[in-house]
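**Q** Letter by letter, the chains look like this.
2 protein chains.
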Amino acid sequence: MDDKTQVTEEGGSRRARGEGRGAAARRASRSGTGAPPSLPYIQRRIGSYEVLDEEGLAIIEGNADTVLEEIGIEFRDDAEALQMWKEAGADVKGQRVHFPRGLCRALLKTAPSEFTWHARNPERSARIGGDATVFVPVYGPPFVRDLDGNRRYATIEDFQNFVKLAYMAPSMHASGGTICEPVDVPVNKRHLDMVYAHIKYSDKPFMGSVTAPERAEDSVAMAKIVFGDDFVENNTVLCNLINANSPMVFDETMLGALKVYARHNQACVVSPFILSGAMSPVTVAGTLTQILAEVLAGASFTQLVRKGAPVLFGTFAASISMQSGAPTFGTPEPALVSYGAAQLARRMGLPFRTGGSLCASKVPDAQAAHESANTLNMTLLAGTNFVLHSAGWLEGGLVACFEKFMIDQDQLGMMQKMAQGVDLTESGQAMDAIREVGPGQHYLGCAHTQANFQSAFYRSALADNNSFEQWEIEGRRRIEDRANTLCRQWLEAYQPPAIDPAIDEALLAYIAGRKDSMADAFT
Amino acid sequence: MDDKTQVTEEGGSRRARGEGRGAAARRASRSGTGAPPSLPYIQRRIGSYEVLDEEGLAIIEGNADTVLEEIGIEFRDDAEALQMWKEAGADVKGQRVHFPRGLCRALLKTAPSEFTWHARNPERSARIGGDATVFVPVYGPPFVRDLDGNRRYATIEDFQNFVKLAYMAPSMHASGGTICEPVDVPVNKRHLDMVYAHIKYSDKPFMGSVTAPERAEDSVAMAKIVFGDDFVENNTVLCNLINANSPMVFDETMLGALKVYARHNQACVVSPFILSGAMSPVTVAGTLTQILAEVLAGASFTQLVRKGAPVLFGTFAASISMQSGAPTFGTPEPALVSYGAAQLARRMGLPFRTGGSLCASKVPDAQAAHESANTLNMTLLAGTNFVLHSAGWLEGGLVACFEKFMIDQDQLGMMQKMAQGVDLTESGQAMDAIREVGPGQHYLGCAHTQANFQSAFYRSALADNNSFEQWEIEGRRRIEDRANTLCRQWLEAYQPPAIDPAIDEALLAYIAGRKDSMADAFT
Chain A
1 MDDKTQVTEE
11 GGSRRARGEG
21 RGAAARRASR
31 SGTGAPPSLP
41 YIQRRIGSYE
51 VLDEEGLAII
61 EGNADTVLEE
71 IGIEFRDDAE
81 ALQMWKEAGA
91 DVKGQRVHFP
101 RGLCRALLKT
111 APSEFTWHAR
121 NPERSARIGG
131 DATVFVPVYG
141 PPFVRDLDGN
151 RRYATIEDFQ
161 NFVKLAYMAP
171 SMHASGGTIC
181 EPVDVPVNKR
191 HLDMVYAHIK
201 YSDKPFMGSV
211 TAPERAEDSV
221 AMAKIVFGDD
231 FVENNTVLCN
241 LINANSPMVF
251 DETMLGALKV
261 YARHNQACVV
271 SPFILSGAMS
281 PVTVAGTLTQ
291 ILAEVLAGAS
301 FTQLVRKGAP
311 VLFGTFAASI
321 SMQSGAPTFG
331 TPEPALVSYG
341 AAQLARRMGL
351 PFRTGGSLCA
361 SKVPDAQAAH
371 ESANTLNMTL
381 LAGTNFVLHS
391 AGWLEGGLVA
401 CFEKFMIDQD
411 QLGMMQKMAQ
421 GVDLTESGQA
431 MDAIREVGPG
441 QHYLGCAHTQ
451 ANFQSAFYRS
461 ALADNNSFEQ
471 WEIEGRRRIE
481 DRANTLCRQW
491 LEAYQPPAID
501 PAIDEALLAY
511 IAGRKDSMAD
521 AFT
Chain B
1 MDDKTQVTEE
11 GGSRRARGEG
21 RGAAARRASR
31 SGTGAPPSLP
41 YIQRRIGSYE
51 VLDEEGLAII
61 EGNADTVLEE
71 IGIEFRDDAE
81 ALQMWKEAGA
91 DVKGQRVHFP
101 RGLCRALLKT
111 APSEFTWHAR
121 NPERSARIGG
131 DATVFVPVYG
141 PPFVRDLDGN
151 RRYATIEDFQ
161 NFVKLAYMAP
171 SMHASGGTIC
181 EPVDVPVNKR
191 HLDMVYAHIK
201 YSDKPFMGSV
211 TAPERAEDSV
221 AMAKIVFGDD
231 FVENNTVLCN
241 LINANSPMVF
251 DETMLGALKV
261 YARHNQACVV
271 SPFILSGAMS
281 PVTVAGTLTQ
291 ILAEVLAGAS
301 FTQLVRKGAP
311 VLFGTFAASI
321 SMQSGAPTFG
331 TPEPALVSYG
341 AAQLARRMGL
351 PFRTGGSLCA
361 SKVPDAQAAH
371 ESANTLNMTL
381 LAGTNFVLHS
391 AGWLEGGLVA
401 CFEKFMIDQD
411 QLGMMQKMAQ
421 GVDLTESGQA
431 MDAIREVGPG
441 QHYLGCAHTQ
451 ANFQSAFYRS
461 ALADNNSFEQ
471 WEIEGRRRIE
481 DRANTLCRQW
491 LEAYQPPAID
501 PAIDEALLAY
511 IAGRKDSMAD
521 AFT
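Protein chains in written order, with the numbering used here: chain A, 1 to 523; chain B, 1 to 523.
Calculated from the structure, these hints are not laboratory results.
Please note that the accuracy of each hint is not assured.
To list a few chain A residues with every Cβ distance to chain B over 10 Å, as calculated [claimed, not checked]:
(1) A106
(2) E123
(3) N150
(4) P186
(5) K189
(6) G228
(7) F231
(8) T485
(9) C487
(10) D500
(11) A519
Not everything, but these chain B residues come out facing chain A in the computed CB check (under 10 Å) [unchecked claim]:
(12) N63
(13) R151
(14) Q367
(15) K417
(16) S467
Each residue gets a CB set at the ideal place from its N, CA and C atoms; glycine is no exception.
With the sequences and hints as input, model every part of the structure.
**A** Encoded structure:
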């Protein structure tokens, strides 16, 4: 959209940026952490798959405007949000806000279509929006499935280990947020330990706490210790998950966090959390209509808080089993929803969040993999910019699984390679190879293969491609067994990124001060 | 392509056909076989994903023409094929055929862009080409992984069981060909038992033998017993896998079978069998160039044999591990190859075959599922018409696995639902539901949900979506355990489709006569 602000504070052409990224990758490859080198965020060279034509998009957009106008969205906030909507020209009845057609879209013109999510290591900063795709770990599980096969409540040690793994995973572009809930830490204090872990054990960009406005303020305050006050106020260092309470409600907690982050120019990922059939209609088009209405209301509200604050069009789409009411994942209908939502987001000029490696399975078996792969393939081809839950998700999001994290991050590597598309350079065309080899021969030793074999194909560290006999000799191991071994190796080899000791001390002092100011709370 | 023959021998508009298909599905649902009702072949209502733009396609097409002209393709046949190519205007040197630019494309103008693959039950006949997608079982494995977890040589009983399962699987649209190699039957006789099993235990369309010209003749002869001589000569009842011996060779066996089938108006699936890096260059564009050249040569040859004979643009794309040389599956590069090949096929106006549920894993674990799902999602979105290996493939195609067949066929059901796209009818838009429910409520009991819940979401018979506690009570079963149980249930409940006893007797008499005429051969 021509009238959208393009946040390009980092400056420089894409080509220049690309060169810098190459240098970063080369440095990373020499870091000796035992893991393969980290890759920069994805710049897609493949197109986006679409499931709606112009007519379909117009129907859904029209219907969403009708929902916003006739039904409205509830803002269950203190009076502040409702007052802001009144002043913006909305019709407010109680907590229900009715929006004149086009109001939300007009407000969103000040939202950036792209922005940079800054990391404390500038080489790990990621673009959000446009042709960029950023993979972010699972978010939210209270349980873990640990490396001994136990399903148990998560601890801060688990959390730190996931941060380390995300740091080492080459195609994980961010450290994430609440990778798991460290329930051994009081609920009103754990955000401090989580944010600290992201800063201390990784140098990739991370997410802030959203479970209370003061926890959002803590996240911003700690970011300021790392990045400096001015930098934080004028750039984006935190992307923050603001779920709609679907259908058609934003609750006080989420609005509180949204206001904090938007005021500080930090990004809000405004995401309807949809289990179709329960939180939205059982149809794809109906679900899309509701998602669009909710995003329009929530995202445009960020612009009332601060014009130009970065905001994402988020969509968490799943269905329910109509027999049991249980959530289901990796099924076709939520895929259609996400493809359609990505199209709606592109038309609004907002970065888009969906997908990941979602599943309902209790173990990292073929069910988990099918569901995750169905979701992840869709995520890539939809042109998703911000991929939450891209690794580690198990059991409907109740469990963060170490083995699955390893399997998923391997799949992310495949997606990153896929996103490069088809090389049509002279070397890519390989006519010399075809001429050299000729009918009935093989390409294994030809000059073109020798020159290109190292980068030719994605190499999985987990897939077993050997003979059955070799696989038997090696102990008939399933992929989760190999993932378990690799995970232990990575954690063993992990080396933390350097951090300025003065910053580290200041963070620890801030945390200690905040913790001292509060009694422990566990609910 | 306007100048292409449209084989529409079955007549009738799509709408009329659709109604017939609905009736068939309803009848199938009353068949009481224990399996869900069979679905008709897919008519895609979603678009195709493309990875090449016009410029990229033109580069590859130009390069393929150069390969055909400069390097040529070897036809390792008796003199007949080479003589036919000479007469068609090609430059033949020894077994190497060089094609003037444009010759193959010109010949292919007589090949149909769509045709019907007739089943003995007309309601199971499938369209090949256009917006139709047909799922066909795995093809070729000498081994099975049986329901007791043993990996062993396949038998004719295994073969019959797979035919029964394919018959019962609702989204399996064909009975297939060599689902596994029944190595307990002499190699020169087993094709008779395989073709008979397809006819006797299923009424879905099937494939003929290609391992020798006389076995192809036997397949045609048996088809004629079922369909009648005239019908077979003027319609297509057999789709037959003709692999190129890549790079750039067609061998005597494949050419012999091709000639038999094309002469009888039966379809040839001309498929380069590519492990990139070994049988083709290590690049996507180079591989596509070679595939296109091989298909142009092999497919156009069918038109020299019989103008108008149906032929498919086939592609079997995998890569190799550059460390070990082992084939790899579900990786990004073969996906890009297949997407590109589908585009090239559409431009030629030929039906396209690729994909399936391919994997390298030795067991139906998460590796098998990721690789299979990556392949299958691509297969659907590429707009593939004929999907070989769509269920049961394990271990690089060496093994036909019963449990994986069940898991895969469930995924095929998801793909079939996905292909329906987004319903934009008034019911699909669901505005009444959104109005009825309103903010903060749920959709579980609303009128729209009640009216649509049965068809709303794809229902998997294998995915476990229950709570962890319920899953524990039920024995902590993985999906392959549930697949094992369901497979046993289906085989227990199987009921054969009716067959005219006179036809059955004639088939058995034919087989007995043919077997008596040959000594057993085992190699």
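**Q** Please go over all the hints and tell whether each is borne out by the structure.
**A** Going down the list of hints, with the structure as the test:
No beta-carbon of chain B is positioned within 10 Å of the beta-carbon of A106 (chain A); the least distance is around 23 Å. Look at E123 (chain A): its CB is around 24 Å from the nearest CB on chain B, clear of 10 Å, so calling it non-interface holds up. Taking the minimum C-beta to C-beta distance to chain B, about 12 Å, the non-interface status of N150 (chain A) holds against the 10 Å cut. Annotated as non-interface, P186 (chain A) keeps its C-beta farther than 10 Å from every C-beta of chain B; the closest such distance is 25 Å.
With 10 Å as the threshold on Cβ separation, the claim that K189 (chain A) sits away from chain B holds: the shortest Cβ distance comes to roughly 28 Å. G228 (chain A), annotated as away from the interface, keeps every beta carbon of chain B farther than 10 Å; the closest lies near 40 Å. No Cβ of chain B comes within 10 Å of the Cβ of F231 (chain A); the nearest lies about 37 Å off, and the non-interface call holds. Non-interface call for T485 (chain A) relative to chain B: holds, since the shortest CB-CB distance, roughly 14 Å, exceeds 10 Å.
Annotated as non-interface, C487 (chain A) keeps its C-beta farther than 10 Å from every C-beta of chain B; the closest such distance is 14 Å. Distance check on D500 (chain A): its Cβ is at least 39 Å (rounded) from any Cβ of chain B, clearing the 10 Å threshold; non-interface status holds. With a minimum CB-CB distance of about 32 Å to chain B, A519 (chain A) clears the 10 Å threshold, and the non-interface call stands. Nearest Cβ of chain A to the Cβ of N63 (chain B): about 6 Å, under the 10 Å cut. The hint holds.
Of the supplied interface hints, the one on R151 (chain B) holds, with its beta-carbon coming within about 7 Å of a beta-carbon of chain A, less than 10 Å. The beta carbon of Q367 (chain B) is positioned within 10 Å of a beta carbon in chain A (closest approach about 4 Å), and the interface hint is therefore held. The interface hint given for K417 (chain B) holds, since its Cβ lies 4 Å from the closest Cβ of chain A, which is under the 10 Å cut-off. The restraint placing S467 (chain B) at the interface with chain A holds, with a minimum CB-CB distance near 7 Å, inside the 10 Å limit.
Violation of the numbered hints given earlier is absent; every hint is satisfied by the structure.
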